[in-house]
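One line per chain: the protein sequences are A and B, in this order. Those letters in the first sequence? Residues 1 to 232, per the working numbering, in order. Those letters in the second sequence? Residues 1001 to 1060, per the working numbering, in order.
Any given hint could be a false lead.
To be verified - Simulated coverage check for chain B against chain A, where a stretch passes if three residues somewhere in it have a Cβ under 8 angstroms from a Cβ of chain A:
| id | segment |
| --- | --- |
| 1 | 1006-1012 |
| 2 | 1015-1022 |
| 3 | 1028-1040 |
Everything labelled a hint here was simulated from the structure, so no lab data went into it. Using N, Cα and C, we set each Cβ at its ideal position, and we do this for glycine too.
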Amino acid sequence: MKTLIIVSHPTVEESGSQQFLIQSLPDDEEITLHVLEQTYPDGEIDVDKEQALLREHDRILFQFPFYWYSSPPLLKKWQDEVLTDHFAFGYRGTKLHDKEFGLVLVIGLPEKEYQTGGQEGFSISELTKPFQAMAKKTGMHYLKPLTIFQFPYLAEPEKKALLVDYQQYLSLPQPISLKRKENWVLDQLAKTSKETLPTEDAAFVLEAAAEAIEDNRMELDELRLHIDNYDI
Amino acid sequence: MEEHQWLVKQLEQLESDSRDYKQKALLQATIALLEEQEKRREQLQGELDGTLWSPGNWNI
């Protein structure tokens, strides 16, 4: 599966959160990072090139800071110019059909403010309706968004958890279940470099972890089977 | 359970020794995954015990 990340940020080099996400990208996946402001510093979008990029990928993600309940201006311009009649909708406008569409949102306020009675008063699901409508109109499957609240206040373990959530959001089949996470971790453990691990028995520990994950899965499936058999 | 605790300890040590940030994140995620599996195992075991002890399921 090929994933296209369309990033929009007026000063992406200076953004701690965007730089963290960019540094978090896995090295070996079929992932294309596409920063609009770097590709088009003059704001002139090459529509043919953008439409070709969209065709080549299966999962399309918009990644941006959530400014005034919407995207930075270049991403809106991109939508206006790239998602044209006969390409994204209308007669023979089926080029995006059955692709997946998701949002990676960096949000300044805490999550609890995005609900009735909170400081913002509306949920993220309500505020992102235009993107949901865009996905619907273009025949794409809208994924649950990856929301990052108050990035500068994240503690180190939270940042590491975000790195993994982000990597999984880019490539894992949806919905992301425990079983799929297990397979992802097993795959990554097999691939991870031993050179950055000083201890001699690192390989042994990694192997033991992989085995434990597989054994636990078998046990969980067996328990579930027993419980289901007793259901009347 | 003892094996689980031993493994978590070893992984924590590896995470602190690792010189690569992405690898540290992976090791932390591995520990979180093992903890989640352990939690679900306990929950399912409890559910199964409850089912076995429910007279409604004795079929007599």
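Against the structure, the hints:
1. 1006-1012: It holds, with 3 qualifying residues against the three required.
2. 1015-1022: With 6 residues closer than 8 angstroms to chain A, the segment 1015-1022 of chain B meets the three-residue bar; holds.
3. 1028-1040: With 10 residues in contact (Cβ-Cβ under 8 angstroms with chain A), the coverage given for the segment 1028-1040 of chain B holds.
Figure legend: structure checked against the earlier numbered hints; every hint is met.
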